[in-house]
Amino acid sequence: MVETTRAPGRLERPPTAAAGGWTADLLTPGELTVRLYGEWVLSSGARSAAEISKRLSGAPRPSRISFDSRALEAWDNILINFLTKLEAAAAERGVTVDHSGLPGGVQRLVALARAVPERQGARRTQQRPDLLTRVGSSSISFLAMSADLITFLGEALIGIGRMLVGRARFRRSDLMIAIEDCGPNALPIVALISFLVGLILAFVGAIQLEQFGAAIFVANLVGIAMAREMGAMMTAILMSGRTGAAFAANLGTMQVSDEVSALQTLGIPPMEFLVLPRIVALSLMMPLLTVFANIVGMLGGLLIGTLMLDITPIAYYNQTIGAVGINDWAVGLVKAVLFGAVVALVGCWRGMRCQRSAAAVGAAATSAVVLCIVLIISIDAIATVICTTLKI
Amino acid sequence: MSVAEPPLLSDPRTNTTPEPHIVVEDLTMAFGDFVIQRNLNFTICRGDIFIIMGGSGCGKSTLLRHLIGLQTPARGRVLISGESLWEVEPERRDAILRRTGVTYQAGGLWSSMTLAENVALPLEQYTNLTGAEIAELASLNLALVGLAGFEDYFPAQISGGMQKRAGLARAMALSPEILLFDEPSAGLDPISSRLLDDLILELRDSLGATIVMVTHELASIFAVGDNSVFLDPETKTQIALGDPKRLLAESQDPKVQQFLRRGEPAADGTIQTRQRTQA
Numbered sequence: 001m002v003e004t005t006r007a008p009g010r011l012e013r014p015p016t017a018a019a020g021g022w023t024a025d026l027l028t029p030g031e032l033t034v035r036l037y038g039e040w041v042l043s044s045g046a047r048s049a050a051e052i053s054k055r056l057s058g059a060p061r062p063s064r065i066s067f068d069s070r071a072l073e074a075w076d077n078i079l080i081n082f083l084t085k086l087e088a089a090a091a092e093r094g095v096t097v098d099h100s101g102l103p104g105g106v107q108r109l110v111a112l113a114r115a116v117p118e119r120q121g122a123r124r125t126q127q128r129p130d131l132l133t134r135v136g137s138s139s140i141s142f143l144a145m146s147a148d149l150i151t152f153l154g155e156a157l158i159g160i161g162r163m164l165v166g167r168a169r170f171r172r173s174d175l176m177i178a179i180e181d182c183g184p185n186a187l188p189i190v191a192l193i194s195f196l197v198g199l200i201l202a203f204v205g206a207i208q209l210e211q212f213g214a215a216i217f218v219a220n221l222v223g224i225a226m227a228r229e230m231g232a233m234m235t236a237i238l239m240s241g242r243t244g245a246a247f248a249a250n251l252g253t254m255q256v257s258d259e260v261s262a263l264q265t266l267g268i269p270p271m272e273f274l275v276l277p278r279i280v281a282l283s284l285m286m287p288l289l290t291v292f293a294n295i296v297g298m299l300g301g302l303l304i305g306t307l308m309l310d311i312t313p314i315a316y317y318n319q320t321i322g323a324v325g326i327n328d329w330a331v332g333l334v335k336a337v338l339f340g341a342v343v344a345l346v347g348c349w350r351g352m353r354c355q356r357s358a359a360a361v362g363a364a365a366t367s368a369v370v371l372c373i374v375l376i377i378s379i380d381a382i383a384t385v386i387c388t389t390l391k392i
Numbered sequence: 001m002s003v004a005e006p007p008l009l010s011d012p013r014t015n016t017t018p019e020p021h022i023v024v025e026d027l028t029m030a031f032g033d034f035v036i037q038r039n040l041n042f043t044i045c046r047g048d049i050f051i052i053m054g055g056s057g058c059g060k061s062t063l064l065r066h067l068i069g070l071q072t073p074a075r076g077r078v079l080i081s082g083e084s085l086w087e088v089e090p091e092r093r094d095a096i097l098r099r100t101g102v103t104y105q106a107g108g109l110w111s112s113m114t115l116a117e118n119v120a121l122p123l124e125q126y127t128n129l130t131g132a133e134i135a136e137l138a139s140l141n142l143a144l145v146g147l148a149g150f151e152d153y154f155p156a157q158i159s160g161g162m163q164k165r166a167g168l169a170r171a172m173a174l175s176p177e178i179l180l181f182d183e184p185s186a187g188l189d190p191i192s193s194r195l196l197d198d199l200i201l202e203l204r205d206s207l208g209a210t211i212v213m214v215t216h217e218l219a220s221i222f223a224v225g226d227n228s229v230f231l232d233p234e235t236k237t238q239i240a241l242g243d244p245k246r247l248l249a250e251s252q253d254p255k256v257q258q259f260l261r262r263g264e265p266a267a268d269g270t271i272q273t274r275q276r277t278q279a
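Protein sequence lines, in the order shown, are assigned to chains P and S. Using our numbering, you'd call the opening residue of the first sequence number 1 and step up by one each time. Using our numbering, you'd call the opening residue of the second sequence number 1 and step up by one each time.
If you're looking for bench data, these hints aren't it; they were derived computationally from the structure. Some hints could be false.
Residues from chain P that keep clear of chain S, each with C-beta distances beyond 10 Å, as calculated [as the list claims (entries may be wrong)]:
hint : residue
1    : G104
2    : G105
3    : P184
4    : E229
5    : L288
6    : R356
7    : V385
A few chain P residues that face chain S, going by a derived Cβ cut-off under 7 Å, partial list only [stated by the list, open to error]:
hint : residue
8    : S44
9    : A46
10   : A49
11   : R108
12   : A113
13   : M163
14   : R353
15   : K391
By construction, the Cβ of each residue, glycine as well, lies at the ideal position given by its N, Cα and C atoms.
Bound conformation, chain P alone:
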């Protein structure tokens, strides 16, 4: 049949060994027979339906398409895609399509692809809003987020109030686990980092102070810097990466797996049960970690002082004791409590506001860390200005 009538306007595509193809013949007037041959599979590449679609509107114009698939060797979605495209083009031009020449499986799949029509309004038109709209909407969402954080802070304060009068619902063991996690378990990394920070401060100071013959003042430099600023700040930054992110990821995952909903339906406020122990634990542990960090940092300075500057350990110790006053320690420790509360609050907040997917958990952890570090450094800067002004 295919051989008998070589109709005008025959389209030929060179047959290759692996890839399948098609030829289209106008057999009887008005009927376009598409002969499919070879392998129409993913591994041999896609076939565009554009060419044959053009054929539908060219003269002489067919009114009907039929298929001959006797030479078809193998097929998969490549063929189905070709046929659905062809069919869409045919429908546009009012050409009827006769599927009977296709293998049964192909016929069924083409029908299946059409079976559920696209739901009205389901498809999303992705229009990028203009600059002004974007600036506006991100400003609004920033304000909304700030308001939400303040709400969360308020809820946490109410929770702490209930806790102080002994009415908050949480398990003591959860608090102990949180304390262990943000206290003792953090000691090695805090020790390492603050030792290195003390070392670096001493090193930088030593080179400068030695020029004036004032090498002993390295002890003042390291002692005051650690106690007032670096001890609390480095520990807080470490804890935001270590614990703040963990809180956000932990609570976020609980949100995804409906654990938070389960608490709510039991009438247990997640704020008291999940958030409070974490905030309390970190606020309690941060000052202790900071004291530890300060001492280890001063030991780092001592190492440089004795090895590089030939200061005796006793002299270094006496100089440090004389230089670092109780107010320096106090400033550092007050900041440490504040930082601990901020890290825990932000971590828990991002976790509790997590959307319900794995990607959202990652986003919650990331934004918790970033926000913690921004807040810590901002608070530290403000505190330094206040302390300088008040001469504390």
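The hints should help you fit chain S onto chain P, whose structure is shown.
Chain S alone, transformed into the frame defined by chain P:
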């Protein structure tokens, strides 16, 4: 040629005489010393829908993981088209497994990608198609499972039933010869579950793929199953093998009967539903 030609060519993918596709030989599954199931022997024929059933915790999903090479047998072999998964080169194993598609119990859709991107990823990785062609095929796959127009949705934004179907679309992306479903209808309402069964039957008939399903939905088991294996958690081995409808009618094993009758000890060959007296 006004009369439609009869389909002269029988379908190259469905025209197959029953031939073994997946063979499980003397398989023992274990985590360390803890044996899950032992002495499993069965054959899944090409184009069959094979059901793995059994009570909770009997190792159904673990068996599925052995069939797709996620877990190594403690003993025995799994042969796919005559090739033993663990006796061939790792590259060859990857090539064999690329011809299998899997849907996971919880969907397993990547939550950071849209549905179209989920379906497109296997195509991007394993074919030489262009971006536009891949996008077309991804849309086609979604249309086949009834999700036309949902290309730009994220998995978290659609319902559970739609997630299952999107998982199916992804599993089919590379036109696999074997499709494995872990609890495809778990968590679906009866109607969605029925529609999914119909879809699975339709895909088997048109693609000619071999389908392995882990399920304990009795309605699905009887509606789609050609063959099945029943795993028993107590004796830790298979206690029944065959067409689930025949097992219901003929099996003498009380555990199999109890399972297939939802615990109702009926002997007259019909499934009884419990009469509820309370309002």
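Now for the hints, and whether the structure bears them out:
{"no.": "1", "hint": "G104", "verdict": "violated (5 Å)"}
{"no.": "2", "hint": "G105", "verdict": "violated (4 Å)"}
{"no.": "3", "hint": "P184", "verdict": "holds (32 Å)"}
{"no.": "4", "hint": "E229", "verdict": "holds (39 Å)"}
{"no.": "5", "hint": "L288", "verdict": "holds (39 Å)"}
{"no.": "6", "hint": "R356", "verdict": "violated (5 Å)"}
{"no.": "7", "hint": "V385", "verdict": "holds (42 Å)"}
{"no.": "8", "hint": "S44", "verdict": "violated (9 Å)"}
{"no.": "9", "hint": "A46", "verdict": "holds (4 Å)"}
{"no.": "10", "hint": "A49", "verdict": "violated (10 Å)"}
{"no.": "11", "hint": "R108", "verdict": "holds (4 Å)"}
{"no.": "12", "hint": "A113", "verdict": "holds (5 Å)"}
{"no.": "13", "hint": "M163", "verdict": "violated (34 Å)"}
{"no.": "14", "hint": "R353", "verdict": "violated (15 Å)"}
{"no.": "15", "hint": "K391", "verdict": "violated (52 Å)"}
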